[in-house]
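**Q** Starting from the structure of chain P, add chain D where the hints point.
First to last, the protein sequences are chains P and D.
For the first sequence, the numbering used here assigns the number 1 to the initial residue and increments by one for each residue that follows.
For the second sequence, the numbering used here assigns the number 1 to the initial residue and increments by one for each residue that follows.
Derived by calculation from the structure, the hints in this document are not laboratory data.
Don't take every hint at face value.
[What the hints assert, rightly or not] In silico DSSO-like pairs for lysine-lysine, Cα to Cα no more than 27 Å straight-line:
no., chain 1, residue 1, chain 2, residue 2
1, P, Lys-37, P, Lys-172
2, P, Lys-33, D, Lys-101
3, D, Lys-323, P, Lys-38
4, D, Lys-38, D, Lys-254
5, D, Lys-101, D, Lys-176
6, P, Lys-172, P, Lys-101
7, P, Lys-254, P, Lys-177
8, D, Lys-243, D, Lys-254
9, P, Lys-177, P, Lys-243
10, D, Lys-37, P, Lys-323
11, P, Lys-238, P, Lys-254
12, D, Lys-172, D, Lys-37
13, D, Lys-33, D, Lys-101
14, D, Lys-238, D, Lys-254
15, D, Lys-330, D, Lys-254
16, D, Lys-254, D, Lys-37
17, D, Lys-38, P, Lys-323
18, D, Lys-176, P, Lys-37
19, P, Lys-254, P, Lys-37
20, D, Lys-243, D, Lys-177
21, P, Lys-101, D, Lys-33
22, D, Lys-323, P, Lys-37
23, P, Lys-101, P, Lys-177
24, P, Lys-254, P, Lys-243
25, P, Lys-243, P, Lys-172
26, D, Lys-101, D, Lys-177
27, D, Lys-172, P, Lys-101
28, P, Lys-330, P, Lys-254
29, D, Lys-101, P, Lys-38
30, D, Lys-238, P, Lys-101
Each chain is listed here by its residues.
2 protein chains.
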Amino acid sequence: MSDPTYDMVAIGNALVDVLAHSSEEFIADQDEKNGMKKGTMCLIDETRAVELYAEMEAGIEMSGGSAGNTMAGFASFGGNGAYIGKVADDQLGEVYRHDMKAQGVIHDTTPLAVGAPTGRCLVLVTPDGQRTMNTFLGASVELGTVDIDADLIGSAKITYLEGYLYDREQAKEAFKKAAQLAHDAGHRVALTLSDPFCVDRHRADFLDLVEHHVDILFANEDEIISLYEAETFEQAAKLVAGKCEIAAITRSEKGSVIISGDEFIEIPAQQAEVVDTTGAGDQYAAGFLYGFTQGMDLRTCGTLGTLAATEVIGHMGPRPEIKYADLIEKAQAA
Amino acid sequence: MSDPTYDMVAIGNALVDVLAHSSEEFIADQDEKNGMKKGTMCLIDETRAVELYAEMEAGIEMSGGSAGNTMAGFASFGGNGAYIGKVADDQLGEVYRHDMKAQGVIHDTTPLAVGAPTGRCLVLVTPDGQRTMNTFLGASVELGTVDIDADLIGSAKITYLEGYLYDREQAKEAFKKAAQLAHDAGHRVALTLSDPFCVDRHRADFLDLVEHHVDILFANEDEIISLYEAETFEQAAKLVAGKCEIAAITRSEKGSVIISGDEFIEIPAQQAEVVDTTGAGDQYAAGFLYGFTQGMDLRTCGTLGTLAATEVIGHMGPRPEIKYADLIEKAQAA
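Here chain P stands alone, though its shape is the one from the complex:
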């Protein structure tokens, strides 16, 4: 087996984020009418997307999508690699592909020529900085096994997958194919659980994945508790220990915990002014995985993740506004 050419390939739903400020009352009203749950992601169809957009405040458009954000952050640290995700052949798709390439990320997934437009995520940011996401998947659901480039996966140290892919059958098959290819090549598979409701929807599948197919797991406290239907974080943490090589669990202002074998490494949170939490988990994974692919110790990996997450919650949008490579020295000194 030759040395991998790439540090990482990330696979996910390619979505353009539309971020707008929102009052607490608006979310409460939407919860009552449409079951919108603050701080989580829900899937919506195109009709509902048009309707909700019409009610939203003026927005900012930025490339998003969980694994896409992680790949962009990973590249900002200096990691090299590729992204697999499907946009349409339209203006928002062009924006998405531009932003990936501008970060130095290979993104050669064939855009969808006919059918749904590029998917988008309508993100409502409340005054406390929390984001509530409403995703119209659009073209992103057309990602299929045909888009999974075996050579690319085979040549990357890590294949990173988002749990959201499990929401559609075709993308789920693509996910499974990619994980298989990565392991066949002797490389690692990383997974983010994405969202507690996503975990609810796919608990049995995700438990099986974590135990048998995933090497590095990312989750936040709510997601890992949901996965094991645990009462407390401590319970859930004990349950995940040993199930995969590494589990990195983020706990907002309580920092994060890295579980590797019987080792529990606690990483403190950094002081931060929270403007918009969109992308916090994604950028934690970016920092962690960058450190990991460069052979750094787990504590430094976790610190890199924390620094990246702290940067991204300080401004609107899910991707870096600074070069994350500048954080490396800071993490190594910590």
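**A** Just chain D now, with coordinates in the frame of chain P:
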């Protein structure tokens, strides 16, 4: 003559901004190759827009356009009114129209069905917060006299026009028609000079406009010096005095000066961390004109403009991230 229904109608090139960070070296290199001048706006064609975009870093998309930004800020203060500007019937055009309506601004200009896409402004933001703008006008140039709604103009206290409209013959005719309609109705015409290079291109026209057709003039120091081909700001300020009812001249960290008859009112700048100067002049005009339409004294008008400009330079993008109505109390207490 009945009381005007609207506070203001703004007319300009409807553009979506694509904001990206840029190094000083990139601008210097572009200056050498393509004559890009830091801190100014230059017009580019579609081919060049595609080429430049490919070289830019990952971006943020937001509705922009000088007069559009002013109208959005004006509405954020609580002013009511309309915007006239042309987008195409495409995704970016949809974004633009959404953002106007979301601010409570009437924007009924018929989108261009066939031909150029929605115009965009590629904005390069250097580490010092300065923005260098490259505008592909796209559909916005198709604005013509047919789009100038006589009833709307006739029913607004102020018709606000951007100098950039003079860059295309058809838009210039639309500009002239709107100014005539406003005066025929006994209402005021406001103009922003837009950019020193724009002033260079249309000096004779602008001198005539200021002397004979404009009631309220907005310019920054460079623009007013360029207009009168003066040596110093003081010279230019003396030359503009009395040419129109009010001239409001912004001077960055030196604050602004309001010239009304033989009165010179100096408004100090506010302390600010500069992230991105895009929209500073536009939001100064928004604050000033909001105060003016509400019958506030000129010093308070200038302070409102300063507070809005200070807000907008503290973040990426040319439009408010807060409700400007919250600034009114602060200005009145100043």
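**Q** What are the numbers of the hints the structure violates, in ascending order?
**A** 7, 13, 18, 27, 30
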